[in-house]
Amino acid sequence: MTEEAGTESDILVEVRDLKVHFPIKRGILLDRVVGHVKAVDGVDLSIPRGKTYGLVGESGCGKSTLGRALLQLTPPTGGEVRFDGVELTTLPAGKLRTMRRRMQMIFQDPMSSLDPRQNIESILVEGLQTHGIGTDRDDRRRIIGETLDAVGLPRWALSRYPHEFSGGQRQRIGIARALVLGPELIVADEPVSALDVSIQAQVVNLLEELQDNLGLTYLFIAHDLAVVKHISDVVGVMYLGALVEEAPSDRLYSEPLHPYTRALMSAVPVPDPDVEDRRERILLAGDLPSPANPPAGCRFHTRCPWAQPTRCADERPALRDIGGSRVACHFAERIASGELRPHKVSVQIVRPEGEGGAPAVVSAPTEPGSYV
Amino acid sequence: MALLQVDDLSVTFARRGQRTVHAVDGVSFSVDAGEVVGLVGESGCGKSVTSLAIMGLLPKQPGLRVGGKAVFDGTDLLQLDDRSRRDIRGRDVAMIFQDPLSSLNPVIPIGLQVTEVLTRHRGMRGEAAKKEAADLLDRVGIPDPRRRLKEYPHQLSGGMRQRALIAMSVACQPRLLIADEPTTALDVTIQAQILELLKDLVRDSGTALVMITHDLGVVAGMCDTINVLYGGRVVETARRRPLFREPRHPYTVGLLGSVPCLDAGPGERLKPIPGSVRDLLAWPDGCAFAPRCARRIDECVGEPPELVLAHDGRSYRCLNPAPVPGTVPPWATGGRAATDPATDAPTAGAAAPAAADDATAGPVPAPREKEKP
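Quick note, the sequences are listed as chains A and B, same order.
The numbering of the first sequence is my numbering, which starts it at 1 and goes up by one.
The numbering of the second sequence is my numbering, which starts it at 373 and goes up by one.
No lab work stands behind these hints: they were computed from the structure.
Any given hint might turn out to be false.
Claimed, not checked - Below, a sample of chain A positions facing chain B; criterion: calculated Cβ distance under 10 Å:
(1) Pro183
(2) Ala201
(3) Val204
A quick note: this is a predicted structure, and the numbers were derived from the prediction, not measured.
Where a beta carbon is used, it is the ideal one built from N, C-alpha and C, also for glycine.
So here's chain A without its partners, still in its complex pose (with noise of 0.2 Å):
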């Protein structure tokens, strides 16, 4: 275990051009290796210590995997990220494993999360066991009673097993399991989106106060916009495998310097006939292009109604720094300014190469953990 008072510092994590590529493979004896998914290409994020971050996106965007990349779920492939000073893609796996007591995760799916025939007890006091802390039962009953009562579970709920709770109830013994190893980071990865909006308020709400409470660090993933901008203190907007925007959340939701922001931003539907009204929408024509074969330069050109003929096309924008934003667009200033005006877009068909009958876009992701 690493000594806490010597390496504090207000950065939690920072992570730097991470990469996750997934090889694709063809043929049955012999493996070729024909292309890459590109789920995280190139990523630069920090998250303050007590912060919450979040990561919004549309599904197949790479959030997911980022936030498994992050606690080193899934291996990245190139880039690095320190959490605490420690690099953690070159630790060696006892280290590793040392340190997941730390950081821990929340998925979305608080059914298909939990072992089914394992009670709630057991599933508490797995990790406990793991990581060796508490000295015998009565200090792990104790620590685990601790954990129901801040998660607001009764405490019969630990001789019980994950069906004979609601949605709601499930999604708190995820977070109680997150939790109950007292750690700094968690990844939540759209923790709430499974649950009913009166569920949703509460599961956020008892997020918030843990955070207050506890000092948490959150890296919050959703697809749910309003509610990423309600419980973040910065945003990180991503679209096909690279941040796009990333702002103070009231500022990315007033000011939204990205194309693909204010296209994301003037979609989501508010419970408010009068905003509805008078709200224009910008619609972006077609899907998602396929991360295998990701368009040439900015990545959102084939989609992007401000689109220039020069630049967009072969020149890949680079995160800058606009007034506390940091944006990755070529003409960000003159689009905020109004010089320069939306077009039509026609829809294009982006088929990855040499699969002329294959999907044209990448629908939902099957990887578990991700939005379906």
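Since chain A is already given, all that's left is putting chain B on it; use the hints.
Okay, now just chain B, sitting in the frame of chain A:
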């Protein structure tokens, strides 16, 4: 005369050895020609069962009982025999389902699935049907429609599949379209595309649309009239603006308080509804929302509350509705409202005389039934 008049619709599932489930309990609403009507509620509130019952699509199983009326253009859809129901379904009344992948046949090309409707109801065959199918796909915004006709559902993206499904349902220019969570499985930008498409279809063809959804944002932008469902009953009906501006039923108030707003200030906490939908199991009589309600009074656990008709075509099913903003401050009625539903529940449940046969179940049962996520 309304196009569709649903009157006191009830659906019960009885299973031997288990308590009868009242999935839908006296739902009434009407849809005028060209109107967009929303049915809103959380999972388990009976909104999908309502639509399936109207369409006659509920699985025929022993113990299923459908009561009430659903009069479409003079004929009661619930009384029809299978043959005449099949004639109406797809031609006059069509449905769009939530998950386009599981509602399309995976081993039949898209084209054949679209032309099937045309052949069945419009007697079109061969090249004519193919051309019409391609036109339909083009109309719902599928690029390169001729080529798509030969493709299978798995080769299309989620948004394209939903468009294909919409093309099938509007193939015969139905007068009523029922859309059951049409955008729930889709991403926001795709959802915006599909909602815009549905709006255009309604505007251009004058089709009436019943929009079933859990998303209050979707109804705010689309529906003329909104019915809020809870525990199988319509708890509030109102036009769009009054509903969002001054919700009267505590459940509607709670739903609106649970949704985070994009324009909300920082640091504001959400106001969730305590408990979960399951709590209604302990409440066979009286208001289904009473166990979770902050405005509960003693009368709430007796008889099911009647619909109260207010001005402007709005009605709600509540004995102690939320005050209209600007008239009575909420704390002025504090003396009547119960203090805390959690602590008050046991005594109230035992006191209800009608609940005698279910009193053993207790007011806070261990959740046992599987919940749809």
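To see whether the hints hold, each was checked on the structure:
Checking A/Pro183 against chain B by beta carbon gives a least distance of about 23 Å; that is not within 10 Å, so the hint is violated. Annotation: interface hint on A/Ala201 holds; nearest CB of chain B at approximately 3 Å, less than 10 Å. The interface hint given for A/Val204 holds, since its Cβ lies 6 Å from the closest Cβ of chain B, which is under the 10 Å cut-off.
The structure fails hint 1 only (numbered hints given earlier).
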